[in-house]
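Q: Read off the chains here:
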Amino acid sequence: MTREATIEHSLSYFDNGHFKKDLSKLVEIPTESQIKKGLEHCLKYLRSSMVPAFESMGFETKIYENPISNAGPILLATRLENPSLPTVLGYGHGDVILGFDESWTKGNGPWKATQVGDLLYGRGTADNKSQHWINISALRSLLSIKGSLGFNAKFIIETSEENGSKGLREVISSNLSAFSADVFIASDGPRVRQDWPTISLGARGAINFDLSCNLREGGHHSGNWGGALPDPGIILSQAISCITTPTGELKIPEWRPQMPSTEVRELLKDIKLDAGKDGPIPDSNWGEPSFSPAENVFAWNSFSVLAMTAGNPQNPINAIAPNSRAHCQLRYIAGTKVDQVLSSLRRHLDEMGFSHVKIEQPPEENQGGFLASRTELSNPWVSIVRQSLKETCGVDPAIIPQMGGSICNDLFTDLLGLPAIWVPHSYSGCSQHAPDEHIILPLSRQALSIMAGLYWDLGKPPV
Amino acid sequence: MTASKGCLKDALQAAVSDYEAPKGYFSKLSKLVSFKTESQLPERTPILYDYVSNAIGPLFEELGYTLEVFENPIKGFGPILLAERNEGASLTVLGYGHGDVIHGQESQWDNNRNPWKLSFEGDKVYGRGTADNKGQHLAHITALKAILNTRGKLGFNHRFIIEMGEENGSRGFRDLIQKKLKKFSADVFFASDGPRTEYNRPNITLGNRGVINFDLICDLRKGGHHSGNWGGLLTNPAIVLANAIASIIDSKGILKIDALIQKNIPKSVINALKGISRDGGPNSPKINKDWGPINRTIIEKVTATNTFEVLSFSSGNALNPVNAVPPKAIAACQLRFVMGTKLKEIIPTFREHLDKNNFDQVDICKPLESNSISFEATRTDPNNPFAQWIQSIVSNSTNSHCGILPNSAGSNMTEVIQYDLKIPIVWLPLSYAGCSQHAPNEHIIKPLMREGIRTVTEIYWHLGEENNNTKDIFTS
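Here the protein sequences line up with chains A and B, keeping their order. FYI, in this note's numbering the residues of the first sequence are 1 to 463. FYI, in this note's numbering the residues of the second sequence are 1001 to 1476.
Read the hints as simulated data drawn from the structure, not as lab findings. Hints should not be assumed to be uniformly reliable.
[Unchecked claim] Examples of chain B residues toward chain A, derived with CB under 7 Å:
#1 A1021
#2 G1152
#3 G1155
#4 N1236
#5 I1239
#6 V1240
#7 I1245
#8 I1249
#9 G1275
#10 T1305
#11 S1312
#12 S1315
#13 A1318
#14 S1374
#15 N1468
Note that beta-carbon positions come from the ideal geometry of N, C-alpha and C, so glycine has one too.
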């Protein structure tokens, strides 16, 4: 009954092939929460996979129907050992981004987990099925070895994270005591480098919006009219160039957050982002001019054009297009005045003479809408987690003030008032949200040991 | 002159009778329209040949023309017909028409009209190709026939080209003529295509804007990457391409590449354009005066100014956007340009501009085959004697002031006439802007075509009059 035995147990779960087998079953369920037929699979995921797993570990489970229509249900699993012990809240999401079935070049498409070398391909392998499954499995290892956790555990599995975590806020707000805890520890997103265990203390927020320039009804022959009619593709390009320079520097003052503190810059100093050999290479000349890539993604805001269209790109014709549209996103860190993002954009566009470029609601299925949040470095729980990871891995983990991605972290920090600490188990080259999503199996193995050690440490009686 | 005037009257009478006769103009037009000569569809290539051999060829042969059919130098594209009548005269006139049409768009026509059959409704006659261009070259044939029946000869040598791939970018056309310059050589070019600028009076058009289509592509990596994890780390190709476009043209539609701006419009062009107003017809879009150079009139903007368009733009998955930094952005672009800008200098100029502005990540690529087009700009000077001569005949014939459009806003094959055959170009458009050319419900207006046939007859008549030494006038 030792820390080592718990870690050993979690590693043997990996080594005997059960981890891969169990994860493969989870990947098979096409839990695409952005489309209607995916929602049935979300419910199935909770009922047939998660509930039995938690119940076998002595958790009580409750599935909350999502109060928002067309959004997936939410599971809360609870194991209360003793009211005097601290309660640790865990989290994962069972839903995935769209499969893009036709576009996969590796493995066997999105819904069949397939190992190629050290990599396991499949939709949700990285985001987020393997990550919560690792944590659940580590809890099981602890229970197997010790018979109890030594803390109270609550675990949320939601199924609309890829749809903006719709309804999760409402469910937690209406059931605050059911979800209450002392600390939040969960896993999602990538490590800063595949071989460097990482702690993330927050998440960037995301606001999605469309820019649209709709000038007239149909196209008009560019021979007869070229020169007389404003071209919406040109106007929208101009508008975008007024928001961001060709090297990604933000031009709207309200979109630029406070400069990172010396302490944060110190933490980020050694972080060189490396997405592995197949991953993209960060562009050194993109973003805020004097910033390192790590500062740009972990301590700064970034603007993306996610998609843009004008005319008929499949079959261009010699006509001036009637309209153009860019689907845009601002990722922002805590401290950015979120209620001013769109109003300052409007003012900026008007000042630049783009009153005919409208800011519109993004498409329903990709609305963004995450809030930024952060737990401060000085919180005592951060030291506990940091120490635990160092003990298991032998290296001091990387610590980032917030991950680049967005997640419903604010529900835990702001709504539940918890310190929230993320220990991600993926890496940035994992093609999350794209075809060919995958995990690195040896990394998952190490993650199992990290979580087993961490849960052991959380359940240790205070010295 | 008195004697020949009476004869002109006879010729005009003959032309109008033919136009109105049951077996005349419309009976022939109905046959021409029944050939589905849609040159953009590869499966129509045999019909393109059929039109030449069985529809238009016989009409020329009837008038004593000899025919030569040239294969297109580009395999799979339509043939080119040269009909020739050599009278041993000093003046040789080159005519032109195209027998191919744009897609029929069946089922999109109102009143159940069939694009391949004429529908007579009041003053309008509907059918694909009625305006563009079958009805127009048939008008020339009708006029020529009237002249020959009245005078027994034309009085000039005539070469008439029927192209079968105009609506497909005239591919192979210039190559062919460059190889056979002698066969196609002439002293002047006179033909009809397109719409007149104003419904109520005729005009002649002396050239075309040039055009080149190309793609601007910013292709940075293979797949998309999560915009949270990678936003701020990876260059966004849509933002780079938007900035590149923004460096080419400003938000008011004014080109920013100095070498591509035609700063001065020739005086003769300004003067000619002063008399032209632009009547776009009932379905024309609302013009925004703030677009393009502020000191230019609308007609100057579309006919005497270089203009850049983004025909389409695409990045990411616009139908189903996801939170990922897209890998690639493509803009299908176009430059329409006027005399003074040379086709071969355009792409290198764009490249130089992009490089100078640090857009080396933006490539200039060939457009999709279906959207590939390039033509030089052409313009015969409005003061050219042949242009002036035709203008005065048209004005006389129609009792109105014939306008001169130095070049049209659109683009076509006239480059070969100006730069290879090196002769003055005069188009007399017989259609009007509301004719729904390139759309369902294409049509001609009967009184307008009747006037057009009379005018063309009068021009041919005077071109062939004895003792009028037209050749000396035109080549002076």
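Q: Could you run down the list of hints and mark each one as holding or not?
A: Status of each hint after checking the structure:
Nearest Cβ of chain A to the Cβ of A1021 (chain B): about 35 Å, over the 7 Å cut. The hint is violated. A hinted interface residue such as G1152 (chain B) counts as satisfied when its beta carbon comes closer than 7 Å to some beta carbon of chain A; here the least separation is about 41 Å, so the hint is violated. Interface restraint check: G1155 (chain B) against chain A, minimum CB-CB distance 36 Å, threshold 7 Å, status violated. This hint holds: N1236 (chain B) has a C-beta 5 Å from the nearest C-beta of chain A, less than the 7 Å allowed.
Residue-level restraint check for I1239 (chain B) holds (minimum Cβ-Cβ distance to chain A is 5 Å; threshold 7 Å). About 5 Å separates the beta-carbon of V1240 (chain B) from the nearest beta-carbon of chain A, less than 7 Å, and the hint is met. The interface hint given for I1245 (chain B) holds, since its Cβ lies 4 Å from the closest Cβ of chain A, which is under the 7 Å cut-off. The interface hint given for I1249 (chain B) holds, since its Cβ lies 5 Å from the closest Cβ of chain A, which is under the 7 Å cut-off.
Look at G1275 (chain B): its Cβ only gets to about 18 Å from chain A, farther than 7 Å, so that hint breaks. For T1305 (chain B), the shortest C-beta to C-beta distance to chain A is roughly 5 Å, which falls under 7 Å, so the interface hint holds. Interface hint status for S1312 (chain B): upheld, as the beta-carbon distance to the closest one in chain A is roughly 3 Å, under 7 Å. Checking S1315 (chain B) against chain A by beta carbon gives a least distance of about 5 Å; that is within 7 Å, so the hint holds.
Residue-level restraint check for A1318 (chain B) holds (minimum Cβ-Cβ distance to chain A is 4 Å; threshold 7 Å). Checking S1374 (chain B) against chain A: minimum C-beta separation of about 12 Å lies over 7 Å; hint violated. Here the hint on N1468 (chain B) is broken, as its CB sits about 36 Å from the closest CB of chain A, past 7 Å.
Hints 1, 2, 3, 9, 14, 15, counting from the list given before, are not met by this structure.
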